[in-house]
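Novice: Here is what each chain is made of, one letter per residue.
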Amino acid sequence: MTTFTPTSPTETLSAVEWALANESPLEILGHGSKRGLGRPLQTEHTLDLSQLTGVTLYEPEELVLSARAGTPLAEIEKLLADHGQELAFEPMDYGPLLGGVAGRGTIGGVLAANLAGPRRLKAGAARDHILGINAVSGRGEAFKSGGRVVKNVTGYDLSKAMAGSWGTLAVLTDVTFKVLPAAETEVTLAIRGLFDEEAAAAMALALGSSEEVSSAAHVPENLVGSIAGGALKGASATLLRVEGFGPSVAFRTKKLIDLLKNAGPIDEISGDASKALWRDIRDCAPFADGTERPVWRVSMAPSQAHAMVMALRMEEATDAFYDWQGGLVWLRMQADPEADLLRRLVRKFGGGHATLVRANHSLRASLAVFEPQLPALAGLSARLKEQFDPKGILNPGRMVPLGKSATLAASNE
Amino acid sequence: MSGLVMPAPDQSTLSRRAEIVADMRIIVPGEGVVDAVNEMRAFESDGLTAYRQLPLVVVLPETVAQVSRILKYCDDRKIRVVPRGSGTSLSGGALPLEDAVLLVMSRFNRILEIDYPNRTVIAQPGVTNLGITTAVEQEGFYYAPDPSSQIACSIGGNVAENSGGVHSLKYGLTANNVLGIEMVLMNGEVIRLGGKHLDSEGYDLLGVMTGSEGLLGVVTEVTVRILRKPETARALLIGFPTSEQGGQCVADIIGAGIIPGGMEMMDRPAIHAAEDFVHAGYPRECEALLIVELDGPGVEVDHLIGRVEAIALKNGSTTCRISQSEQERMTFWAGRKAAFPAVGRISPDYYCMDGTIPRKELPRVLAGMRELSEQYGLGVANVFHAGDGNLHPLILYDANIPGELDKAENFGADILRLCVKVGGVLTGEHGVGVEKRDLMPEMFNQIDLDQQMRVKCAFDPNHLLNPGKVFPQLRRCAELGRMHISGGKLPFPDIPRF
Chain A
1 MTTFTPTSPT ETLSAVEWAL ANESPLEILG HGSKRGLGRP LQTEHTLDLS
51 QLTGVTLYEP EELVLSARAG TPLAEIEKLL ADHGQELAFE PMDYGPLLGG
101 VAGRGTIGGV LAANLAGPRR LKAGAARDHI LGINAVSGRG EAFKSGGRVV
151 KNVTGYDLSK AMAGSWGTLA VLTDVTFKVL PAAETEVTLA IRGLFDEEAA
201 AAMALALGSS EEVSSAAHVP ENLVGSIAGG ALKGASATLL RVEGFGPSVA
251 FRTKKLIDLL KNAGPIDEIS GDASKALWRD IRDCAPFADG TERPVWRVSM
301 APSQAHAMVM ALRMEEATDA FYDWQGGLVW LRMQADPEAD LLRRLVRKFG
351 GGHATLVRAN HSLRASLAVF EPQLPALAGL SARLKEQFDP KGILNPGRMV
401 PLGKSATLAA SNE
Chain B
1 MSGLVMPAPD QSTLSRRAEI VADMRIIVPG EGVVDAVNEM RAFESDGLTA
51 YRQLPLVVVL PETVAQVSRI LKYCDDRKIR VVPRGSGTSL SGGALPLEDA
101 VLLVMSRFNR ILEIDYPNRT VIAQPGVTNL GITTAVEQEG FYYAPDPSSQ
151 IACSIGGNVA ENSGGVHSLK YGLTANNVLG IEMVLMNGEV IRLGGKHLDS
201 EGYDLLGVMT GSEGLLGVVT EVTVRILRKP ETARALLIGF PTSEQGGQCV
251 ADIIGAGIIP GGMEMMDRPA IHAAEDFVHA GYPRECEALL IVELDGPGVE
301 VDHLIGRVEA IALKNGSTTC RISQSEQERM TFWAGRKAAF PAVGRISPDY
351 YCMDGTIPRK ELPRVLAGMR ELSEQYGLGV ANVFHAGDGN LHPLILYDAN
401 IPGELDKAEN FGADILRLCV KVGGVLTGEH GVGVEKRDLM PEMFNQIDLD
451 QQMRVKCAFD PNHLLNPGKV FPQLRRCAEL GRMHISGGKL PFPDIPRF
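Line by line, the protein sequences give chains A and B.
Residue 413 is where the first sequence ends in my numbering, and the numbering goes up by one at each step.
Residue 498 is where the second sequence ends in my numbering, and the numbering goes up by one at each step.
Misleading hints may appear alongside valid ones.
[To be verified] With a Cα cut of at most 20 Å, we get these calculated SDA-like pairs of lysine to any residue:
hint : chain 1 : residue 1 : chain 2 : residue 2
1    : A       : 255       : B       : 229
2    : A       : 391       : B       : 457
3    : B       : 170       : A       : 336
4    : A       : 144       : B       : 449
5    : A       : 122       : B       : 12
6    : A       : 391       : B       : 485
7    : B       : 229       : A       : 209
8    : A       : 178       : B       : 420
9    : B       : 170       : A       : 208
10   : B       : 229       : A       : 245
11   : A       : 144       : B       : 16
12   : B       : 78        : B       : 9
13   : A       : 255       : B       : 302
14   : B       : 360       : A       : 60
15   : B       : 229       : A       : 208
16   : A       : 144       : B       : 448
17   : A       : 255       : B       : 298
18   : A       : 122       : B       : 257
19   : A       : 178       : B       : 259
Keep in mind the hints are simulated off the structure, nothing from the lab.
Please take these sequences and the hints and turn them into a complete structure.
Specialist: Shown next as structure tokens:
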């Protein structure tokens with residue numbers, strides 16, 4: 001049992017070369033804040049990147065920041081905030097949901113898990129902001145892709161290939177992200193007392209308006225007490241966030257209230273209270289309950305989400321709330337994850353995918369944590385993995401079981 | 001680059017041409033197979049007209065099943081295939097090969113679905129970029145990426161090139177606006193990546209496909225997100241005595257937390273060419289002209305106009321006009337939008353380059369270009385997507401003068417080398433294609449390039465799809481797969497372990 005803790009890209013390369021020469025798989029780790037997500041690993045050795053740290057370039061006027069992959073996200077967010085900037089995609093913090101503490105996680109982990117937050121609709125995810133990477137492949141080779149400029153189509157975008165690859169293709173050593181000015185002000189409108197279906201209609205109306213709503217979530221009555229410090233208790237809350245320059249936010253908020261005044265009573269939440277509220281939505285606070293009850297993260301067409309949840313509830317008691325206008329559904333199950341049922345319903349309601357983000361060890365080892373793919377796509381994914389990591393030494397089995405690709409029988413389509 | 005070396009034609013394929021054409025006619029009945037030389041002429045080049053080559057045969061399929069059968073047929077027989085959308089590539093991405101089937105996707109020209117509650121459009125790849133906006137604008141929506149060829153270029157081609165446009169700083173590139181695709185692999189397999197949902201599952205193959213220049217697969221359907229048209233847009237036209245001041249103004253605008261919808265800069269030769277052509281009222285005495293467009297709710301735009309104006313004055317602007325009407329805003333843009341044809345009027349030919357640099361390096365790069373201009377004895381005019389650092393130097397030359405094209409190409413290559421040297425890249429939005437293929441080693445070492453080619457091996461192990469583009473040197477996948485295990489003999493003393 002060896003843990004390598006490189007402090008430089010060169011040392012990282014040496015560790016991977018060693019693992020390759022010995023055909024000895026490595027668990028690739030930052031802070032381990034997302035270790036409970038994904039299929040459990042059975043590796044003897046660990047490559048711990050938490051000492052590979054430091055911001056190597058930050059030019060606020062150029063909207064660019066580079067850092068070693070193990071740099072704490074919290075450190076980067078602080079640095080950006082000091083300059084009135086931010087990672088616009090608001091990377092979520094899995095810590096509390098997975099039974100850990102808040103505020104951990106590295107910038108490399110942000111990309112490897114392709115994190116996003118409630119601003120997903122407007123600002124995208126980590127994959128939309130990554131500009132360049134340096135990494136070590138499972139072939140024991142240090143390579144780079146992309147650069148430090150926003151507009152770049154030189155060669156394949158291997159930086160995006162790293163997004164959501166959970167450390168199975170290469171070990172990131174450096175990442176360069178586009179950063180953006182933080183909004184001057186924000187206001188959240190909370191429409192109270194809507195059922196899921198009414199909320200879906202209200203969110204679609206708001207997002208289809210020209211008021212530039214940056215986030216839209218719906219928290220049903222049974223869960224609303226667990227966000228915003230309980231301030232919204234009593235009735236469901238359909239939340240719409242408006243951000244930007246002061247006069248613009250005031251103007252757009254007023255127009256939105258006019259547009260939605262018939263939907264239900266509307267509360268206005270601004271400033272830090274609004275920020276705290278969206279942090280709760282971002283970090284899945286309603287299900288950060290200290291248990292290991294199964295939690296799903298479902299990505300699907302926004303307008304179909306409530307119908308999928310209703311169909312699911314016909315068969316199984318489920319807690320659910322919605323972010324991204326419904327494009328992200330968080331589900332907490334009683335005990336059984338009901339993976340097949342859920343995935344069948346997601347396919348039935350317009351397609352998408354479901355990730356079992358929280359479950360106990362044995363469920364994660366026996367179930368497909370990530371959505372199984374149809375054979376042609378699964379084959380392509382397996383070939384891509386083979387091209388980066390032919391000996392399977394990087395996080396083997398984290399995304400799909402070893403020795404096979406997780407495929408969905410074509411007849412299930 | 002005029003001495004462009006393409007992969008040697010496969011003699012066996014050439015000798016089987018009649019048989020291949022006949023088989024293509026079986027797969028695509030009717031008018032979809034073109035093999036007469038005079039009819040194939042229309043396809044012999046794309047937007048990079050310096051290079052021309054007749055293909056083996058032109059095939060225009062109409063269905064996904066046909067695309068799948070064509071690719072499988074070619075894969076089985078080791079026949080090369082070059083995909084083509086509207087043929088507007090400026091880097092030769094759709095340049096035919098003598099021994100390759102040219103797969104033209106222009107008959108895939110229908111919009112399949114418009115979904116306003118989810119704000120998505122599903123289109124076939126041959127639909128033009130502007131065609132998507134046209135389909136949804138009556139409801140107040142539009143598709144954000146707007147490459148200058150948007151009336152002609154296809155959405156499938158936009159995916160292949162990861163096309164940008166003047167609004168990409170605020171609204172992103174194609175990669176940020178495409179949610180899903182259906183595509184056919186070289187072996188004929190049809191796969192779907194993403195959909196109407198926001199995060200695609202598994203590896204981000206959609207991200208890899210976007211900007212892959214037709215080397216990985218053929219896109220047969222595209223799902224894009226559409227946005228509500230901003231309520232209003234106004235522009236400022238700002239002149240500076242030096243490019244340094246213009247560049248600093250751009251940095252200060254962004255430093256103030258303002259991300260304009262568009263921010264374009266022109267240098268003096270470009271200003272003069274544009275002004276002579278469209279009489280937009282551009283100030284001729286300026287060294288740098290900046291167009292800053294702010295869009296959004298009226299109240300926001302008015303608020304920001306004032307702030308940008310103050311920043312311009314602080315940076316020593318000599319003129320600053322603010323559009324008072326939609327017509328005036330369009331006039332400000334008229335010169336910029338006509339910059340290419342305007343330069344075409346002052347020079348028999350021009351060669352458009354496409355590097356990206358860190359914005360702060362603009363004065364240094366412009367100075368370097370002036371030196372190169374003297375050295376080569378060729379003029380250069382610059383238009384610049386100032387917000388995102390994307391430069392479009394237009395090199396002026398006369399193709400009728402022997403050697404001038406070569407000189408222009410060498411000048412261009414030197415400009416791109418300079419871009420890389422200051423921390424930039426070879427191409428911001430036009431693609432590598434054949435044009436910048438041989439410059440790739442300026443930016444990537446052999447390990448970097450090999451890893452990119454290995455991605456190609458996962459998609460197309462026989463290198464049959466669009467070979468000769470992007471990569472300066474083709475290497476067999478078997479060779480790329482070989483492992484050279486080094487290190488590991490010692491359990492490194494130099495690495496801290498627990």
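Novice: Which hints from the list above does the structure break, by number from lowest to highest?
Specialist: 3, 5 and 11
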